[in-house]
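The residues making up each chain are set out below.
Number of protein chains: 2
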Amino acid sequence: MFAPPVNRLITELARLPGIGQRTAQRLAFHILRLPPEEALPLAEAIKEVKETVRQCEVCFNLAVEPTCRVCQDERRDAALICVVEEPSDIIPIERTNEFSGRYHVLGGALSPIDGVDPEDLHIEELAKRVEAGGITEVVVATNATTTGEATALYIADLMRERAPDTEVTRLASGLPVGADLEYADEITLGKALSGRRRL
Amino acid sequence: MFAPPVNRLITELARLPGIGQRTAQRLAFHILRLPPEEALPLAEAIKEVKETVRQCEVCFNLAVEPTCRVCQDERRDAALICVVEEPSDIIPIERTNEFSGRYHVLGGALSPIDGVDPEDLHIEELAKRVEAGGITEVVVATNATTTGEATALYIADLMRERAPDTEVTRLASGLPVGADLEYADEITLGKALSGRRRL
Chain F
1 MFAPPVNRLI
11 TELARLPGIG
21 QRTAQRLAFH
31 ILRLPPEEAL
41 PLAEAIKEVK
51 ETVRQCEVCF
61 NLAVEPTCRV
71 CQDERRDAAL
81 ICVVEEPSDI
91 IPIERTNEFS
101 GRYHVLGGAL
111 SPIDGVDPED
121 LHIEELAKRV
131 EAGGITEVVV
141 ATNATTTGEA
151 TALYIADLMR
161 ERAPDTEVTR
171 LASGLPVGAD
181 LEYADEITLG
191 KALSGRRRL
Chain B
1001 MFAPPVNRLI
1011 TELARLPGIG
1021 QRTAQRLAFH
1031 ILRLPPEEAL
1041 PLAEAIKEVK
1051 ETVRQCEVCF
1061 NLAVEPTCRV
1071 CQDERRDAAL
1081 ICVVEEPSDI
1091 IPIERTNEFS
1101 GRYHVLGGAL
1111 SPIDGVDPED
1121 LHIEELAKRV
1131 EAGGITEVVV
1141 ATNATTTGEA
1151 TALYIADLMR
1161 ERAPDTEVTR
1171 LASGLPVGAD
1181 LEYADEITLG
1191 KALSGRRRL
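These protein sequence lines map, in sequence, to chains F and B.
The opening position of the first sequence corresponds to residue 1 in the numbering used here, with each subsequent residue numbered one higher.
The opening position of the second sequence corresponds to residue 1001 in the numbering used here, with each subsequent residue numbered one higher.
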């Protein structure tokens, strides 16, 4: 009952993750009500990221220049590399203000079932980066999921083989801060126990 | 820590209603991962609606031509007009398959507190449409809210004055289908009582 352009907008919005048909309709009508000077910047921003954003040649983070802002920042410790699955994983790590090194974005996690093998990730590039020398520690910050853990183990093995002098560490697993023991699942609690530290 | 185009996209997405900073970030990274041929149609769809969609000259529904699809449809009863606040209100009414007439979109509801007076809505155009003759019934389908009710009463008064031969009706208020009496609020239940029908 609406004009085809409106239906097209609803269809495109509904393709976004977490946006159902109803929400897409609501967003479309919101966009329709906006004056053009408020609606068009969103269209432009989408076009702009697709045209300008690419992968950093060193770490595969998002970048507009050949290398990303982290790799360009001379103040960041080049001897320390944090390995993450996706560029978006860098945000929460930066937010902690606890990490001053560089990154390496794998582009996913190993998952043979889904056909994701080591060659599909930027793992070889990581090995080469570390082999080139000057890296003292690789912090593996893949997700605490089955695939993230498998990826971490694979990387640890590879590093032992290709760069035995580089220390490989993994983010600690355990109770989230503020959590009640009562509500902790047994796997998390098991990890918290086995990873207990002396006070 | 990300490239400015990525931040711009997150900012623009976060302007949408119901999309917070976190969701905007998630959507932005989704768009970044998409191949251009899947991301650009959304940008195009936004541009297209802003360039092509306007208001129907007759009923103020959305239209790409001078009049909307409903007004162009000769099979729709031209003697019956359903008055709604927004173009999006037409969707649920069409979905009922109970209404075969035309529409009139007010562009909002009367709300003196927010500075929305009769001149700010397409009320005069409705009066002129009805005065022109051939309209037997005006169904007022504004929201069942304070402002929607006030708007309905205003339109009923105006119709009595300007087109006394046209019947003005209002959507029924009462219990939603499937509702438990126990959980009905007293205002809805009061409306259901005062609007009771003989069986």
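Think of the hints as simulated: they come from the structure by calculation, not from any bench.
Be careful, since some hints might not be right.
Anything over 12 Å on all C-beta distances counts as not near chain B; from chain F, calculated [what the hints assert, rightly or not]:
1. Pro5
2. Thr23
3. Leu27
4. His30
5. Leu40
6. Pro41
7. Asp89
8. Pro112
9. Arg162
10. Thr166
11. Ala192
Estimated spans, in silico, between C-beta atoms of each pair [stated by the list, open to error]:
12. B/Arg1015 <-> F/Asp180: 32 to 40 Å
13. B/Thr1188 <-> F/Arg22: 54 to 62 Å
14. F/Ala144 <-> B/Thr1096: 22 to 30 Å
15. B/Leu1171 <-> F/Glu186: 23 to 31 Å
16. B/Asn1007 <-> F/Gly134: 46 to 54 Å
17. F/Asp114 <-> B/Leu1171: 25 to 33 Å
18. B/Arg1015 <-> F/Pro4: 23 to 31 Å
Glycine included, each C-beta is placed from N, C-alpha and C at the ideal position.
**OP:** Just double-check F/Pro5 for me: nearest Cβ-Cβ distance to chain B has to come out over 12 Å.
**Re:** 5 Å, violated
**OP:** Given the hint of 54 to 62 Å, check if B/Thr1188 and F/Arg22 actually sit that far apart at their C-beta atoms.
**Re:** 23 Å, violated
Original post:
Is the gap between the beta carbons of F/Ala144 and B/Thr1096 within 22 to 30 Å?
Top reply: Since the Cβ atoms of F/Ala144 and B/Thr1096 sit about 49 Å apart, the hinted range of 22 to 30 Å is violated.
Original post:
Using the C-beta atoms of B/Leu1171 and F/Glu186, is the stated range 23 to 31 Å upheld?
Top reply: 54 Å, violated
Original post:
Is it correct that the beta-carbon of F/His30 has no partner in chain B closer than or equal to 12 Å?
Top reply: The claim is violated: F/His30 sits with its nearest Cβ about 5 Å from chain B, within 12 Å.
Subject >> Minimum Cβ distance from F/Ala192 to chain B greater than 12 Å, as the annotation requires >> reply: 26 Å, holds
**OP:** Mind verifying the non-interface call on F/Arg162? Its CB should be farther than 12 Å from each CB in chain B.
**Re:** Non-interface label stands for F/Arg162: nearest chain B Cβ at 28 Å, farther than 12 Å.
Subject >> Non-interface label on F/Thr166, tested against every C-beta of chain B at 12 Å >> reply: 24 Å, holds
**OP:** Look at the Cβ atoms of F/Asp114 and B/Leu1171 and judge whether their distance stays inside 25 to 33 Å.
**Re:** 50 Å, violated
**OP:** Take a quick look at F/Pro112 and tell me if its Cβ sits farther than 12 Å from every Cβ on chain B, holds or violated.
**Re:** 21 Å, holds
Subject >> chain B versus F/Asp89 - minimum CB to CB distance exceeding 12 Å, so not interface >> reply: The claim is violated: F/Asp89 sits with its nearest Cβ about 10 Å from chain B, within 12 Å.
Subject >> Supplied distance hint 32 to 40 Å, evaluated on CB atoms of B/Arg1015 and F/Asp180 >> reply: 37 Å, holds
Of the numbered hints stated above, those contradicted by the structure are hints 1, 2, 3, 4, 5, 6, 7, 13, 14, 15, 16, 17, listed in ascending order.
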